[in-house]
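2 protein chains.
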Amino acid sequence: MTENLTTVLKQKANNLRVHSIISTSEAGSGHPTTCMSAAEIVSALFFHAMRYDPQDSHNPNNDRFILSKGHAAPLLYAAWAEAGIISAEDLLTLRRIDSDLEGHPTPRLEWVDVATGSLGQGLSIGVGMAINAKYLDKSDFRVYVLMGDGETAAGGVWEAVALAAHYGLNNLIGIVDVNGFGQSQQSMYGFDTDSYCRRFEAFGWKTIGVDGHNMDEILGALNGAKTTADRPTMIVAKTFKGRGVSFLENKQGWHGKPIPKGEQLDTALKDLGPISPNSSFQTEKPPAPSPVAEPRISAVGPPEYQIGEEEATRNGYGSGLAKLGDANPLVIALDGDVKNSTYTEQFMEKHDDRYFEMFIAEQNLVGTGIGLSKCGKIPFVSTFAAFLTRAGDHVRMSAISQANIKYVGSHCGVSIGEDGPSQMGLEDLAMFRALPGSVVLYPSDVVAAERLVAEVAVYEGIAYIRTSRPKTPVIYANDEQFPIGGSKILRFSDSDQATIIAAGVTLHEALKAYGQLKVDGISTRIIDLYSVKPVDTKTLLNAAAATNNTLITVEDHYPEGGLGEAVLSAVASEGIEVHKLAVNGIPRSGKADELLEAHGISAACIVRKVKEIC
Amino acid sequence: MTENLTTVLKQKANNLRVHSIISTSEAGSGHPTTCMSAAEIVSALFFHAMRYDPQDSHNPNNDRFILSKGHAAPLLYAAWAEAGIISAEDLLTLRRIDSDLEGHPTPRLEWVDVATGSLGQGLSIGVGMAINAKYLDKSDFRVYVLMGDGETAAGGVWEAVALAAHYGLNNLIGIVDVNGFGQSQQSMYGFDTDSYCRRFEAFGWKTIGVDGHNMDEILGALNGAKTTADRPTMIVAKTFKGRGVSFLENKQGWHGKPIPKGEQLDTALKDLGPISPNSSFQTEKPPAPSPVAEPRISAVGPPEYQIGEEEATRNGYGSGLAKLGDANPLVIALDGDVKNSTYTEQFMEKHDDRYFEMFIAEQNLVGTGIGLSKCGKIPFVSTFAAFLTRAGDHVRMSAISQANIKYVGSHCGVSIGEDGPSQMGLEDLAMFRALPGSVVLYPSDVVAAERLVAEVAVYEGIAYIRTSRPKTPVIYANDEQFPIGGSKILRFSDSDQATIIAAGVTLHEALKAYGQLKVDGISTRIIDLYSVKPVDTKTLLNAAAATNNTLITVEDHYPEGGLGEAVLSAVASEGIEVHKLAVNGIPRSGKADELLEAHGISAACIVRKVKEIC
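In the order they appear, the protein sequences are chains A and B.
Sequential numbering from 714 applies to the first sequence in our numbering.
Sequential numbering from 714 applies to the second sequence in our numbering.
For reference, chain A alone in the conformation it holds in the complex (with noise of 0.2 angstroms):
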């Protein structure tokens, strides 16, 4: 390294230090000691390692930078202000409601592709992005990704790291900046950088323990990365919190503390000593992408099945999706060890050049997915409803992060049978509806199953499909629409007594029920639900005025956040009667028809419910 180099960078990493004090300072509130300690490794990333255009943002051949420990934004922020990205003005308005320069990183920013914030995902989504260069686009873009060491302590992080080197991702170097403490107190190791070596090279990375505050140690661990051919790279940096400020240099008790202005914040910066003038850098420009053809997405082929043929929605979600492969390049397989359970296997067999196996990690499962989604790639990621739970924060967070993300649940309800309990998803629509900007959708048979995956594809946004396990008849014709937000009406007269809203398997005990309760003598509309979110507001609010203002909800779900929710909150202000019929209690394992009658959702119990009401 030249000298010049050397001093130039760490004037930068010094500057990235003020910045990151006075835009704190002046917020009153951030993590500025957490910054203090990667200023070195942040320099050494955004003014000489990494190849970018900071003209445009946009490049695809551009290095990426994942900052895992969100709380380190104004670090963030202080390297756009020394790149030029924006002006050092800009940094005094870290976290106010007018300004993008929020406490922790969104993608409301241009050069932000994920929110962080939430430690110890960004190395999934490090992971997605690594696997887009390497095995989708073949580009060959670098993916950075800064962590703390007190979230390494999390166990998404082992399973990125797990899968990283079983891809062989050599295009993935992740940095952790051990500075010895967490929030509350010592982290688990403390400075004890040899751990982290040890544990990291077992799972088959390689790693480079450095001097974090050593400029040249770190530019030569960062080259050293970039020429490891078959396995991804963790540098180690050993580091201090605050360095570089008397008072704050590794000492508890500063974690997410500003520094107050005035005396302290005078003594900080005299430490420091002034912003050196805005020094040139160089960083190698990535290659202007390459004119891409458009991707040729055609017509998915349609659902060819019969009436009344029984298949299960899971596996019309497995052959809805293998069609939408072969209709669009864009579409890329997870799943979590259960593809011969989802069906994402059907894929899988017709694409296996886009389906990744993800093994029993659910959170890194759906890490990789929001990377993806963020090269543009649509990505479907699939497990059982019941383990998307494993995933919750990193769903939570991809809603934050808008990412365009296509979620799939199968064994959704008691419906599953013997298996039980544990493999019961009775919580997944509570959880999918109670994110911004989601649609959740929930088809009744195999041709709406096939419909919908075909329109999640083309809604931009996060979208959640529901499946279930047991076989049930195919009740709609092959060219019948499932647009989202609608809903179909099954069954009606002029002297309906009440409706009943379903879907899924339920929907198919309110049409049995629907029978048995003419036969008796009442009418019934039939309802169709399956678009849980949003729901068909203007059809319920005629269905109830047409049936007594009287609407009956039934789900093979929890009865709390779900389908019932969904129709009393679209309702709710019209004063409309709404009964809900849901799962009761701790189900158990049983023939799924048993399970139906013990938990309250099945035919009779939705007769008997009418009867009682009507």
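FYI, nobody ran anything at the bench for these hints, they're computed from the structure.
One should not assume that every hint holds.
Any copy, or any two copies together, can satisfy a pair, since identical chains are not distinguished.
[Claimed, not checked] Straight-line distance between alpha carbons at most 20 angstroms, and here's what the computed DMTMM-like set of lysine to aspartate or glutamate pairs gives:
| no. | residue 1 | residue 2 |
| --- | --- | --- |
| 1 | Lys1225 | Asp1209 |
| 2 | Lys1251 | Glu1290 |
| 3 | Lys851 | Asp943 |
| 4 | Lys974 | Asp1306 |
| 5 | Lys1304 | Asp813 |
| 6 | Lys1251 | Asp907 |
| 7 | Lys1324 | Asp1207 |
| 8 | Lys1225 | Glu1024 |
| 9 | Lys1304 | Asp803 |
| 10 | Lys1324 | Asp1233 |
| 11 | Lys970 | Asp984 |
| 12 | Lys1304 | Glu739 |
| 13 | Lys1322 | Glu1287 |
| 14 | Lys1324 | Glu1287 |
| 15 | Lys851 | Glu739 |
| 16 | Lys1225 | Asp1065 |
| 17 | Lys1304 | Asp811 |
Assemble chain B onto chain A, guided by the hints.
Okay, now just chain B, sitting in the frame of chain A:
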């Protein structure tokens, strides 16, 4: 090992295989090949190595066994049959709706502490039990956790691995059944048992590799594990799925498939040979439980605040938990490196022998809590509400386990301010409502917070308390009681035009709105719905009847699954008009007041809504 012992244990292992096959074939579903790889291990544990009294499942000195690979349930049940705990005929009722021998073990069974079946959770639960033995009860019992190889891809396992080493849990013994296959394909590492050993060792465990079908090696390893002084032990056993039956052993495609009755079942039983007659076995009996004095539980000290004093409910949690700790020696506190934000640190400062730092690893935070609860402790599990979603599946399973565990989520809502959406709990009410048997509580001031901490300690089951970051005024007298399922009517008159229902931060917004509306001549009733589940339906219905059948709910939470939908569900069948105010859109950084306004839940927003309706 005497040849007799080895022979007997091998015979018993074979019996276990026969039972596993017969019971699953009878049930028509289940995972026999998964059972068959672990038969020697389970035989060695149940008929020699574990110290327990088959006549007394409640002896607190029994060694504990957790079947983390829960789908091997038939193997566990077979072990009980061979131990004389149940009969061989009972095994034929596997998976029936009227049998407690469910598809995956649940604590309906007296010998099962926790429900398993969602892979990767058992080791965390074992950590909780081991912590209890070593640090709390000072008991000699050991904890054995049997995992599959595929499940060690789950990050939650590595959270437990790290923490177990950190706390020197030498009474925790894990066994990984490396049969090379997950559900749908070969596991990531296949039969490379060295890779497993390297990784566990790197995390600080002692590891012992064995041939999982060599009884002498297994016995040697289990003996060796018992003598390890300062660290937990992982036994890594190389095995074959389907071991013992020619057409099953190490063959793909048989995961989760019972052997069909008829020719295949006959061949399998022929390969295994007949059940050996029940040879006697000797396990070491644990000491009889010493007469344990009833824990001295005294009254919890009351809150000591002044009406109008400003304090955050998270602080009320902290002081309430500390007082509870004074009063009840069974209370344990766990936190995820945010104790100086959740204020669990106030408990730690007074009772540091009952506080355990769990670091940034929320899955293990929850799993450990479940384990402690199953040892008769009352664990309070705390972190930011948003980060509890990281443990969504462990929380889900805690309900199926009917664990007596208390969750506390701080920093709920947009009212946390500048840290921004990654730190805001906005879906936690939905998550915790959708758990069978849970109670969900949301104190509006510190008096309520302290009282509710005491309430949940005497409630048997899952409880969730939601706390806020900003300071709000004390509105209750120190002797106010807050029964679960209750509510507080804070303002009312004979001419109220609508009822506003809120809790936490928005309750104070509602009180402000009340004042503004009164000035404008509109009288409203104000209800503090501190009990979100169960809700005080009676009070809600009375209020509706008295106020034009018009209810307005306001919550610092997304619109789905929270307080508003809880009210809706309670009054649904009565045709009452409910208007719901909740956080709209993806929140952002900003001052708390600005965010309440921007996201539709401030006093001004409430006033606007009331005027619009009335």
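Hint-by-hint comparison with the structure:
Taking the shortest alpha-carbon separations for Lys1225 and Asp1209, only the intra-copy value of 16 angstroms comes in at or below 20 angstroms, while the best inter-copy value is 46 angstroms. Both within a single protomer and between protomers do Lys1251 and Glu1290 lie at most 20 angstroms apart by alpha-carbon distance, with minima of 16 angstroms and 17 angstroms respectively. Proximity of Lys851 to Asp943 under the C-alpha cut-off of 20 angstroms is restricted to the intra-copy arrangement: shortest distance 15 angstroms within a copy versus 48 angstroms between copies. Taking the shortest alpha-carbon separations for Lys974 and Asp1306, neither the intra-copy value of 68 angstroms nor the inter-copy value of 23 angstroms comes in at or below 20 angstroms.
In this homomeric assembly, Lys1304 and Asp813 come within 20 angstroms of each other (Cα to Cα) only across copies, at 14 angstroms, whereas the closest approach inside a single copy is 53 angstroms. For the homomeric pair Lys1251 and Asp907, neither the shortest alpha-carbon distance inside one copy (63 angstroms) nor that between copies (62 angstroms) is at most 20 angstroms. For a Cα distance limit of 20 angstroms, the shortest separation of Lys1324 from Asp1207 inside one copy, 19 angstroms, qualifies, whereas the shortest one across copies, 38 angstroms, does not. Taking CA atoms no more than 20 angstroms apart as the test, Lys1225 paired with Glu1024 passes inside one copy only; the shortest distance there is 17 angstroms, against 56 angstroms between copies.
Taking the shortest alpha-carbon separations for Lys1304 and Asp803, only the inter-copy value of 18 angstroms comes in at or below 20 angstroms, while the best intra-copy value is 62 angstroms. In this homomeric assembly, Lys1324 and Asp1233 come within 20 angstroms of each other (Cα to Cα) only inside a single copy, at 10 angstroms, whereas the closest approach across copies is 47 angstroms. Taking identical chains as interchangeable, the C-alpha atoms of Lys970 and Asp984 lie at most 20 angstroms apart only when both belong to the same chain, with a minimum of 18 angstroms there against 69 angstroms between chains. Within a single copy, Lys1304 and Glu739 get their C-alpha atoms only as close as 63 angstroms, which misses the 20 angstroms cut-off; across copies the closest is 14 angstroms, which meets it.
For the homomeric pair Lys1322 and Glu1287, the shortest alpha-carbon distance between copies (15 angstroms) is at most 20 angstroms, but the shortest distance inside one copy (22 angstroms) is not. In the homo-oligomer, the alpha carbons of Lys1324 and Glu1287 lie at most 20 angstroms apart only across protomers (17 angstroms), although the nearest pairing inside one protomer, at 24 angstroms, exceeds that limit. For the identical chains of this complex, Lys851 and Glu739 are neighbours neither inside a copy (44 angstroms) nor across copies (51 angstroms), given an alpha-carbon limit of 20 angstroms. Taking CA atoms no more than 20 angstroms apart as the test, Lys1225 paired with Asp1065 passes in neither setting, with 41 angstroms inside one copy and 60 angstroms between copies.
In this homomeric assembly, Lys1304 and Asp811 come within 20 angstroms of each other (Cα to Cα) only across copies, at 10 angstroms, whereas the closest approach inside a single copy is 56 angstroms.
The structure fails to meet hints 4, 6, 15 and 16 from the earlier list, while all remaining hints are met.
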